[in-house]
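Undergrad: What follows is the residue order along each chain.
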Amino acid sequence: MQSVDNAAEQIEFDRRIVEEQKIEPSDWMPEDYRKNLIRQMSQHAHSEVIGMQPEGNWITRAPSLRRKAVLLSKVQDEAGHGLYLYSATESLGVSRSELIEALQTGVAKYASIFNYPTLTWADVGAIGWLVDGAAIVNQISLQRTSYGPYARAMIRICKEESFHQRQGYEIMYELAHGSPEQKAMAQDAMNRNWWPALMMFGPHDSDSAHSGRSMQWKIKRVSNDDLRQKFIDQTVPQIEVLGLEMPDPEIKWNEEKGQYDSGEINWEEFYQVINGSGPCNYQRLKHHKKAHQDGEWVREAVRAYSEKQQTKKENVA
Amino acid sequence: MSEQKENINQEHLAVYEVFVRSNRGLDHKHVGSLHAESPEHALMYARDCYLRRSEGVSVWVVKASDITASQEDDIANFVDPMDDKPYRHATHYVLPDNVSNM
Chain A
1 MQSVDNAAEQ
11 IEFDRRIVEE
21 QKIEPSDWMP
31 EDYRKNLIRQ
41 MSQHAHSEVI
51 GMQPEGNWIT
61 RAPSLRRKAV
71 LLSKVQDEAG
81 HGLYLYSATE
91 SLGVSRSELI
101 EALQTGVAKY
111 ASIFNYPTLT
121 WADVGAIGWL
131 VDGAAIVNQI
141 SLQRTSYGPY
151 ARAMIRICKE
161 ESFHQRQGYE
171 IMYELAHGSP
181 EQKAMAQDAM
191 NRNWWPALMM
201 FGPHDSDSAH
211 SGRSMQWKIK
221 RVSNDDLRQK
231 FIDQTVPQIE
241 VLGLEMPDPE
251 IKWNEEKGQY
261 DSGEINWEEF
271 YQVINGSGPC
281 NYQRLKHHKK
291 AHQDGEWVRE
301 AVRAYSEKQQ
311 TKKENVA
Chain B
1 MSEQKENINQ
11 EHLAVYEVFV
21 RSNRGLDHKH
31 VGSLHAESPE
41 HALMYARDCY
51 LRRSEGVSVW
61 VVKASDITAS
71 QEDDIANFVD
81 PMDDKPYRHA
91 THYVLPDNVS
101 NM
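Same order as they appear, the protein sequences are chains A and B.
The opening position of the first sequence corresponds to residue 1 in the numbering used here, with each subsequent residue numbered one higher.
The opening position of the second sequence corresponds to residue 1 in the numbering used here, with each subsequent residue numbered one higher.
Next comes chain B alone, as it looks inside the complex (with noise of 0.2 angstroms):
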């Protein structure tokens, strides 16, 4: 193996996953993944990565295998049943038409 190419071997390097506040007051939202060697660095790559034209004010990385995730294929049996469920909204239930506001 070249000494180039051993260079951009990032097979040592763990994936995070990396989440932007985008204004104080907001959730932080996943906005994309990076290869890093440690938290820190992680850190400091999601900035350089992430926010070039102060899309947030607060960066949280996270090692993309300490996220325990649902499987989408068995998303219908893991979520159901919800179908079955719609007096779980509002839009259910007919108000009389001279109640407004509720």
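Extracted from the complex, chain A is given alone in its bound form (with noise of 0.2 angstroms):
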């Protein structure tokens, strides 16, 4: 609800969204695009952060020494993206600790996919072709979103994150491609991240509760339901190059839509795991305290080093 004050900032602000100009943090914006803002783009941080535990449960047990340069390169990524993140988030006047408050006091919410486990190494090959291609297919639609910081965010992360899915998909050919173990544990781990993944792009459009708005405000571009399509209309082309079964019978290329159609994902579980009962979400909260806790000395260290250098400072003059 706008006052009257706000009647002139407001036909300006609607006035940029509809001519497709960014808004920017000094800018005048409603409460609830802020807000809006604030949910989504601090729940994308808290799943680059949430999301180094799964693969990082593999870095010391990578099968060689190349692969495990590259995990921790990717993971060391994911959190440089978390920063990128909650420093634009901080764009709209909210500060990091309330962020991290919201997320290990379960307000707020990440990607419900890092709440499923890691069991074995081809998971990790898994999530980087699955798991990542899900986000860069929904990032690539957001380095056009309204609000500028958010928008450069999307734009620098996309462009790092490039190699992830091609790591995944390498570790997914070799696999495929190697003893009759090797391929099961390939066509294993895709199977079990094949819906959690399509999950990654939230629920129907018909019942998303976030999505007109945000579709108005051009915070979002594309629906959930067009981006999900979209990824398994490039995926199904890259199993089969695999050479693995399809992770769902009921997917098959439909002739007159030129898309493929697929099974009903189980909304049941998609709701149970994002509300708290996932394998993992228990475990994936409480690292995440234990790390920010175990850090504590850090943060003392740095404080006391300020408040050091202030006083040389204040001796000198």
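These are computed hints drawn from the structure, not numbers from a lab.
Among the hints, a few may not be true.
[Unchecked claim] Listed below are several chain A residues computed to face chain B (Cβ distance under 7 angstroms; list not exhaustive):
hint, residue
1, K22
2, V70
3, S73
4, S162
5, F163
6, Q165
7, R166
8, V241
Glycine included, every Cβ here is placed at the ideal spot set by N, Cα and C.
Relying on the hints, combine the two individually framed chains into one complex.
TA: Right, dumping it as structure tokens:
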């Protein structure tokens, strides 16, 4: 609800949105636009950070030095992406500690895919290929989001992320062309990660609580279902190249529509995992809190250093 | 020192670096620097000097002495090692011929 005082600003804001201009931090914006952005961007940032856990699980057990270096590098990128997104979110007038608090108390969400375990090395391949693949489809559309700092963060992230998906696919390709056991491992990891990857795009458009307004405000540029379809259409041929069985028996080319038909997602599972009952929800948050607490001595040292420098300066002056 | 010379002495002025956003949605880019007696004046001088032809929609001025910068001579050590991490680039991974769009 906007007061009369803001009428002129509201008109200016609406005009900018219609004209495809970006909204910048110093611009007036409706309170709900700001809130919606904080929700979506912080959720995105949290996903980058929590997403380090399932993959980090395999760093010490990567099958070769090269794989280990690649995985380390990828996980390091995710930490950086979390930082870009937190910083961009903070431009909306919310503090880092508030954001972390919201994550740790379960007020803020993160992508439900990271609440699934990485049971085998093939999961690392499946995550890079499918999870990063799905994220890239979404993030490419967000390069055109209406909030300037978010759009610029997306452009930077997409550029850096191009290697994530390829390294995952390379792992899958090697396993799928390896021994029968390796191929079975690849098949299993793909089967387990396929549905959670599709869930990353969120509920159907008809059931999506935030979609309508986000599309109007051009925070979101493409609907959940359209993005999901795009991902399916580009991924199915990649499954064929791997020579694996389809993870969904209902996947079938629809000549008329020019796209793949596919089966229905288990939405009950989706909501259960989102609301805290996934296999690893508890573990992920517990680990995040522990890492945060364990890092307290670093923050303390930084504060002490800063105070010392300040005193030094004052003494000189 | 003649009065005229006194007037053009700029040593008491600070150097400001100027950053211009050419269009909404883009990053501010460094365009140059100038001398000024305060940040407010620097902003006005930047407008007069760097935005005479609608070059931008937003200007930042930053006191040059407030910028902490890397040393160019030492950059190889500062960002090293990078050349031995080719796997950070997508082109490092060879895709099967029949896979496109990745």
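Undergrad: Of the hints stated earlier, which fail here?
TA: none
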